[in-house]
Amino acid sequence: MNRDRLVFLVVVGLFAAVNLGLFLSGRLPANAEGVGILLAAGVSLALYSFLYKDNPLFKLAEHLYVGVVAAYELGQVWFQNMLPDVLPRGAAIYEAVRHPIDVGWALLGDPRQIVTIGIQVVPVILGLFLMTRLTGRSVWLSRISFAFIVGLGAGLVIPRRISAYVLDQLGPTIQPLWTEAGFAFSPFLILLGVVSVLIYFSFSFEHTGAVGAVSRVGIWFLMVSFGASFGYTVMARLSLLIGQLTFLLEKWLTLNLPLW
Amino acid sequence: MANLTNIDRRWIFLAVFISVLVPLLVGFHLPVKASPNVRAIYTSIDALDAKAGDTVLMSFDFGPSTLTELQPMAKAVLRHCFRKKLKVVGVTLLPEGVGIAETILSDVAAEFGATYGEDYIFLGYKAGNEVLILNMGEELRAAFSTDVRGTPLDDLTVTRPLRSLGDMAYVLDISAGYPGVEEWIQYGQERYRFKLGAGCTAVMAPDFFPFLQSGQLDGLLGGLAGAAEYETLIGQPDAAVSGMRPQSVGHVVIILFILFGNVAYFASRRGGGS
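Read top to bottom, the protein sequences are chains G and P.
The C-terminal position of the first sequence is numbered 473 in our numbering, with every residue numbered one higher than the one before it.
The C-terminal position of the second sequence is numbered 279 in our numbering, with every residue numbered one higher than the one before it.
You may find that some hints are simply not true.
So these bits of chain P aren't anywhere near chain G, every CB distance computed over 10 Å [claimed, not checked]:
1. Asp51
2. Leu53
3. Arg88
4. Arg165
5. Phe199
6. Ser247
The following label-pair restraints were derived from C-beta to C-beta distances [claimed, not checked]:
7. G:Ser442 <-> P:Glu143: 33 to 39 Å
8. P:Phe117 <-> G:Gly395: 34 to 40 Å
9. G:Gly444 <-> P:Leu19: 21 to 27 Å
10. P:Asp112 <-> G:Asn469: 16 to 22 Å
11. P:Asp112 <-> G:Val224: 31 to 37 Å
12. G:Val335 <-> P:Arg146: 17 to 23 Å
13. P:Phe262 <-> G:Trp353: 54 to 60 Å
14. G:Ser376 <-> P:Leu19: 48 to 54 Å
15. G:Leu300 <-> P:Asp54: 39 to 45 Å
16. G:Gly288 <-> P:Leu19: 20 to 26 Å
17. G:Gly288 <-> P:His34: 43 to 49 Å
18. G:Val224 <-> P:Thr120: 46 to 52 Å
19. P:Thr120 <-> G:Pro471: 29 to 35 Å
20. G:Gly395 <-> P:Thr120: 53 to 59 Å
Just so you know, these hints were derived from the structure itself, not from any lab.
In this text, a Cβ means the ideal position worked out from N, Cα and C, and glycines have one as well.
So here's chain G without its partners, still in its complex pose:
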């Protein structure tokens, strides 16, 4: 038996012994909640075991997570979108197909209904067209839906992006450098950062002389930005570790952790 297999068996055995002790001592309730905590603790430890080495328990937990999330999302979409929003409209479409003349007369009697029903029914039809990707012959219908998605996406995104990322950012980027209080350092720093980074990413001319000097300042701004992002990333990853360890210590091992 090699060392890794021995470590694997020892850890699994230790986990089983700890859980047995927790259940026998009554610290973990012998009900659905207790089993849920045990499962969550087991999956957490299985995922962290990757830090030592890739192993079957990690693979199991990884695939379990993907499966559970997929099923949970499907359930949420079914109960909160398909059932209340899509299926009643699908039933209306089915009714219209079965009795086109009756429905047509009813709509002619109240033309406003055409717009209302159109708003409700057209998205469902476009959604059904997307499903034709799964078929062979009528796959061309899905292109109508994709054309709608691309057109809508471009129409929504382009003006909003320009507004939020360019126009609204211009004002705070170009602030007065001299105010009544004197020289404003922060606006100068922002202006210098924006200009130098823009020059660094201008590849149409050679980065020598004054242009090279300014682009080197741009590199420094980028380095500071990467450093800040890395610092925040470390903070985020540690926070996740803290949260999961807190769960393991408080909920699984039922320890009382100090607040201060």
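Following the hints, put chain P in place on chain G, whose structure we already have.
Just chain P, lined up with the frame of chain G:
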């Protein structure tokens, strides 16, 4: 020296693990001071008037993978809202956010004796991402005709006077990615001009600082530290403040490793290593 630069990474994992575990078990006090970005959200919510029927919309756009970072800030802001007896409307743009949002809302509501329907409601999830935000901005009932429990919005005290996002006194998006803060800025705040605050994972926080500068965001809660600052402001320290001990010690250990790595690297170069 070559041995130092080729150290097994598992020793680093072990050191970080111990640096987080020990401060969790051993209590000591570290001061937590609120930054201006966190204080801005606190001040805005504190200025709201319950008697005027001010309503706060909270969008829980995160799943279980970032729960440990974002749940404390959601709880802290909710505690502030319920303490001030403000009405709260919850919503999520992610299907996996439904269970999380429901649990957080009901747990914090129970602490303050807040009643569902009277003091807070949860709209649930609808597909559409940014389009859903636009839809809510135009007509709330077009996006959600009922709450998550199937009750029509006109039958609920909280939502009866609300017609669109413009009727919200404050909107806070707590997000872990897409759809999230950027979508709420572009399709919500930009278009309907409501006051928007954001809470996000620490990884995302640097990306949103330009929006603070431009006033598109009112304030920002960045990661567990942001949550700890908010807990301090409301005077109710909880998981986030407690997490600052291991966070601080962990940071010191990582800084020491960075310094150690650099010293080892330059020493190995001086010694003729590659």
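message: A range of 16 to 22 Å was offered for this pair. Does it hold for the Cβ distance of Asp112 (chain P) and Asn469 (chain G)?
response: 19 Å, holds
message: Beyond 10 Å on every Cβ pair: is that true for Ser247 (chain P) relative to chain G?
response: About 5 Å separates Ser247 (chain P) from the closest Cβ of chain G, which leaves it inside 10 Å; violated.
- prompt: Would you say the C-beta atoms of Thr120 (chain P) and Pro471 (chain G) sit inside 29 to 35 Å of each other?
  reply: 34 Å, holds
field: Outcome for the supplied range 31 to 37 Å, where the beta carbon pair is Asp112 (chain P) and Val224 (chain G)
entry: 33 Å, holds
query: Regarding Gly288 (chain G) and Leu19 (chain P), is the given constraint of 20 to 26 Å on their beta-carbon distance met?
result: 39 Å, violated
query: Closest CB-CB distance from Leu53 (chain P) to chain G, is it above 10 Å?
result: Non-interface label stands for Leu53 (chain P): nearest chain G Cβ at 25 Å, farther than 10 Å.
- request: Evaluate the condition: distance from the CB of Arg165 (chain P) to the nearest CB of chain G exceeds 10 Å.
  value: 20 Å, holds
- prompt: Does the claim that Phe199 (chain P) lies outside the interface with chain G hold up, using a Cβ gap greater than 10 Å?
  reply: 15 Å, holds
Consistency of beta-carbon spacing, Leu19 (chain P) to Gly444 (chain G), with hint 21 to 27 Å: Holds, at about 22 Å.
field: Cβ distance range 33 to 39 Å for Ser442 (chain G) and Glu143 (chain P), holds or violated
entry: The hint (33 to 39 Å, Cβ to Cβ) holds, given that Ser442 (chain G) and Glu143 (chain P) are roughly 36 Å apart.
task: Could you see if the CB distance from Val335 (chain G) to Arg146 (chain P) stays within 17 to 23 Å?
output: The hinted range 17 to 23 Å holds for Val335 (chain G) and Arg146 (chain P), with Cβ atoms some 20 Å apart.
query: Is the gap between the beta carbons of Gly288 (chain G) and His34 (chain P) within 43 to 49 Å?
result: 44 Å, holds
In this structure, the earlier hints numbered 6, 8, 16 are contradicted, and the remaining ones agree with it.
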